[in-house]
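S.K.: Keeping the supplied structure of chain Z fixed, place chains F and U upon it in accordance with the hints.
Chains as they are written, first to last, in the numbering used here: chain Z, 1 to 401; chain F, 1 to 243; chain U, 1 to 290.
Because the hints were derived from the structure by calculation, they are not lab data.
Note that this is a predicted model, so its numbers are computed, not measured.
Please note that a few of the clues may not be correct.
[What the hints assert, rightly or not] So the derived label-pair ranges between C-beta atoms look like this:
{"hint": "1", "chain 1": "F", "residue 1": "A167", "chain 2": "Z", "residue 2": "L113", "range": "29 to 39 Å"}
{"hint": "2", "chain 1": "Z", "residue 1": "K319", "chain 2": "U", "residue 2": "D177", "range": "19 to 29 Å"}
{"hint": "3", "chain 1": "Z", "residue 1": "G145", "chain 2": "U", "residue 2": "R279", "range": "29 to 39 Å"}
{"hint": "4", "chain 1": "Z", "residue 1": "T5", "chain 2": "F", "residue 2": "E71", "range": "23 to 33 Å"}
{"hint": "5", "chain 1": "F", "residue 1": "S137", "chain 2": "Z", "residue 2": "L113", "range": "23 to 33 Å"}
{"hint": "6", "chain 1": "Z", "residue 1": "K319", "chain 2": "F", "residue 2": "A167", "range": "23 to 33 Å"}
{"hint": "7", "chain 1": "F", "residue 1": "K109", "chain 2": "Z", "residue 2": "T5", "range": "11 to 21 Å"}
{"hint": "8", "chain 1": "F", "residue 1": "V16", "chain 2": "U", "residue 2": "D177", "range": "32 to 42 Å"}
Even for Gly, the Cβ is constructed at its ideal location relative to N, Cα and C.
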Amino acid sequence: MTSPTAVRLAGFTVVALALWFLPTLQGPLDFPIFYLLFGYTLLFWFAQASSWNMFTGYSGYFSFGQGAFFGVGVYTTGVLAAKRGWPLIAAIPVAGILAAVLGLSLGFVVFRLRRLQGEIFALVTLAVAFVVAAIARVSSTIDGGSGIALNDVRLPDFLGTFPSMMFRLGLIIAVLTVFAAATIQRSRLGWGLFSINDDEAVAESLGVPTFRHKMMAFGMSAFFAGLSGAVHAIQISYITIEDVFSIRIPLFVIVMSVLGGMRHWMGPIVGATIIHTLTDRLNRAGDLDLFGGSLTVSLDHLNDIIIGLLLIVMVLAVKDGLWPRLVKRKWAAAGAFLFGLLVARIWAPEMSPIGQFVAGELGAVVVLLPPVAVIDRWRNRRESSKTPDEPTGRPTVGATP
Amino acid sequence: MSLLQFDGIHKRFGGVAALGGVSGTLAEGEILGLVGPNGSGKSTLINILSGFAEPNEGRISFAGVDVTDTEAHHRFEAGIARTYQIPRPFSSMTARNNVAVPLIFGKTKLHPTAATDRAIHWLDFTGLASYADQSVSELNLHQLKYLELARALASEPRVLFLDEVLAGLNPTEIEESILMIRRIHDLGISLVIVEHVLRVVNALSTRIMALNQGLVIAEGAPADVMKDPEVVKAYLGSRWKHA
Amino acid sequence: MTLYGQAIISGVLVGGLYAMMSLGVSLSWGVLKIINLAYFSFILLAGYGSYELAANHGWDPFLTVLAVVPVVVIVGALLQLFFEKVKIGEFESLLVTFGLLIMLESVARSIWTADFRRIPSTANPYASSSLRIGAFAFPTPQLSAFLTAIVIGLLMKYLLDRTYFGKAVRALAQDRDMARAFGVDHRRVAVLLSGLAAATAAIAGVFIAMSQALFPGLAVEWFGIVFPVVILGGLGSTLGALGAGVVIGVVAAIASVTWGPSYAPLATFVILIATLLFRPEGLFTRKASV
Chain Z
1 MTSPTAVRLA GFTVVALALW FLPTLQGPLD FPIFYLLFGY TLLFWFAQAS SWNMFTGYSG
61 YFSFGQGAFF GVGVYTTGVL AAKRGWPLIA AIPVAGILAA VLGLSLGFVV FRLRRLQGEI
121 FALVTLAVAF VVAAIARVSS TIDGGSGIAL NDVRLPDFLG TFPSMMFRLG LIIAVLTVFA
181 AATIQRSRLG WGLFSINDDE AVAESLGVPT FRHKMMAFGM SAFFAGLSGA VHAIQISYIT
241 IEDVFSIRIP LFVIVMSVLG GMRHWMGPIV GATIIHTLTD RLNRAGDLDL FGGSLTVSLD
301 HLNDIIIGLL LIVMVLAVKD GLWPRLVKRK WAAAGAFLFG LLVARIWAPE MSPIGQFVAG
361 ELGAVVVLLP PVAVIDRWRN RRESSKTPDE PTGRPTVGAT P
Chain F
1 MSLLQFDGIH KRFGGVAALG GVSGTLAEGE ILGLVGPNGS GKSTLINILS GFAEPNEGRI
61 SFAGVDVTDT EAHHRFEAGI ARTYQIPRPF SSMTARNNVA VPLIFGKTKL HPTAATDRAI
121 HWLDFTGLAS YADQSVSELN LHQLKYLELA RALASEPRVL FLDEVLAGLN PTEIEESILM
181 IRRIHDLGIS LVIVEHVLRV VNALSTRIMA LNQGLVIAEG APADVMKDPE VVKAYLGSRW
241 KHA
Chain U
1 MTLYGQAIIS GVLVGGLYAM MSLGVSLSWG VLKIINLAYF SFILLAGYGS YELAANHGWD
61 PFLTVLAVVP VVVIVGALLQ LFFEKVKIGE FESLLVTFGL LIMLESVARS IWTADFRRIP
121 STANPYASSS LRIGAFAFPT PQLSAFLTAI VIGLLMKYLL DRTYFGKAVR ALAQDRDMAR
181 AFGVDHRRVA VLLSGLAAAT AAIAGVFIAM SQALFPGLAV EWFGIVFPVV ILGGLGSTLG
241 ALGAGVVIGV VAAIASVTWG PSYAPLATFV ILIATLLFRP EGLFTRKASV
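Same shape as in the complex, but just chain Z (with noise of 0.2 Å):
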């Protein structure tokens, strides 16, 4: 008999066997190299998204700290592999280890507190990464300041060229993680998590060990958030404090969760590859003049302005995210993609493929978000107005044991 475990064992590991050769392809293949980059950035935000939204959105944890596991891991790589010389292949997997230390330390202070409520779990988040911040910048052992330069550093080169070894890198880690994070979805661990995300005190009464769940969660988010980190920290290359300790990491796997939707392992995969795909393209399209030139927005800012409204579009309109409703509209989202894609090779055949994609990608969305969101919100609240207590059916008393 088939169990619903290792069936996913094996779907998982079909993709990653098969996504293992596609840089042994490129040659044969000959597609640009740029398309094995934009795969590592694709997969890392996979493992970043992933990470994140299996404590946060299955538990319903609002963590702003995504930034402190991330800049572990970065750092990690950064003090072992470049100030120490270690090969990365040791320093990713203590990379890993340091953050869930930071994040299981922090769950075991935090989670043991009966009256913490989420947004104040959320503040002490947010607050441990600008500590964690400050302290890499005050010490010198691990920034001081200066930043770190990381181009000695001793890469495996077992597994091929640069870019394809960023990519297998940046698959091992994505794979794990979306696998853990599926996982844990079905697991009893799961279970645990959805039931503290819908009332803890009750899952608690129920035999749910709140404690243990979260802590079990929250170390391996971090674990996974550290390790992305660390392989990450090879393709920036000059680290400093600014640059990984921005809201920027905090931000983006927030929306890409949120967009995509927070209770299922598929949701950052979608919102990543919605938000990943748009960003490119906007930062690869240049300034847009407003006003007759007097004001130029350049397309970098209006990523964030962008990500900003679909924030705050989502939060409001869409609270379930995309994945729910891609599962119940899935032929008219693929019927959508794929108009939109054929829009695009005709409207604008120079545009690039990804182009394309997020050309497809935006038909999909508008079919899957319903066109009057706000109304329906009205709608909606106007029903749940009425008296709460009109009978739908009786339970039928007397039914034998």
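M.R.: Chains F and U alone, transformed into the frame defined by chain Z:
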């Protein structure tokens, strides 16, 4: 044989003593009625006995084992369950999955797939089987209270605390609920019932404990306790203004 | 010793500014149950507005208040109206205003770029002027900010204690539904309150533009000041914000002087974490109101 025993339970919130030293027992097979006016400490006592809150002083023992410092989820595994005055279902889940949670984490420790199957048994017991795969947001108050019962029963508890199960129900629903409570008792579960509807407590309980302002003022057979002058004064006390 | 003495004085003075920066978030969170990160952008944009008027149009930096405050007040009130309309939840408000903060920071970056923007000393004589008493200097912008904060604090105290509006605010802070049941018009109180809060944020922005250089990333840097002040002072408490502002100001100054400027945010964030864990209701409130 006393299944549950609590001695000298004190609970203070800030400067207010919600419970000023409450002791009692629950024998196996009993239905203990807990009565008292609003603010007498009934809910606080239930919270403490079920592990929701910690007493400032006092000990609790269950089946001979001291559980005062045991966390709520361990108590549930051991066989102490409770329902809530205002139902608190897991709002994002179906009725079935709501019942599956205690099956996974309680005494039975079932695997999630087995748990979702077994959940039907308890939904059936409480007459909710046809709502198994609906979201709980579609259930009315009476059904939600029954869902609470199904969840509490899923872990096959030995003691069940029913916190104002009848609050908010109409007369027909109350009659049905009384029958349900008897059926639960017939399963061999000892009950502690907190209730305002005195005639129901009278009819159901084998013994009654009356609280007022955090202290036990009477205890014994229902008929005796209900006629106790202290109990009458506690309920109607506001009519008699002291100088 | 004078070094520490001066640090303490500077810390106390800047504490007034910190209080004004934090009042918006504190009142909004404590009374209206909305965590409004947009206040950070209000401060920033007010500062940039003041900079524009002073640097490029010759306004006296103090007088820019007259132009900047009304604009920010209107924006703040409109935002609050929007929140009332969509009946935003406490947690939703955190995410939504986070999005707003990102958007507005981006707008600021588009208009004024990431470069440091400082009102030139020709247009801003106050930046380098100060009141001298003995060995100690009381810089004009910080001193004025401190005095303004005191005035605002007294005004708020008067409003809260002596007016109907104040009673309504206190009622809402304690028990929203009860207050409504007794006829408190939530919408009107909320809009007025957020207007007041936006005004203090704008005033803070003007003083900041007067005393330092601006850049878009400041908004997020201010997290390390505002959140400690808000939590330490107690949600919704004006005098608490004042007290906490001074505490945080002094702590930051002493940390800066003892170990270096990078240690200031470290110190304030550690205080925030400690407060959140062990006394989330703040230093100056009696009951647990969080």
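S.K.: If a hint holds in the structure, say so; if it doesn't, say that too.
M.R.: So, going through the hints one by one against the coordinates:
1. F:A167 to Z:L113: 29 to 39 Å: holds, 31 Å
2. Z:K319 to U:D177: 19 to 29 Å: Holds, at about 24 Å.
3. Z:G145 to U:R279: 29 to 39 Å: holds, 33 Å
4. Z:T5 to F:E71: 23 to 33 Å: This hint holds: roughly 29 Å between Cβ atoms.
5. F:S137 to Z:L113: 23 to 33 Å: Once the Cβ atoms are compared, 31 Å apart, the range 23 to 33 Å for Z:L113 and F:S137 holds.
6. Z:K319 to F:A167: 23 to 33 Å: The hinted range 23 to 33 Å holds for Z:K319 and F:A167, with Cβ atoms some 31 Å apart.
7. F:K109 to Z:T5: 11 to 21 Å: The hint (11 to 21 Å, Cβ to Cβ) holds, given that F:K109 and Z:T5 are roughly 18 Å apart.
8. F:V16 to U:D177: 32 to 42 Å: violated, 23 Å
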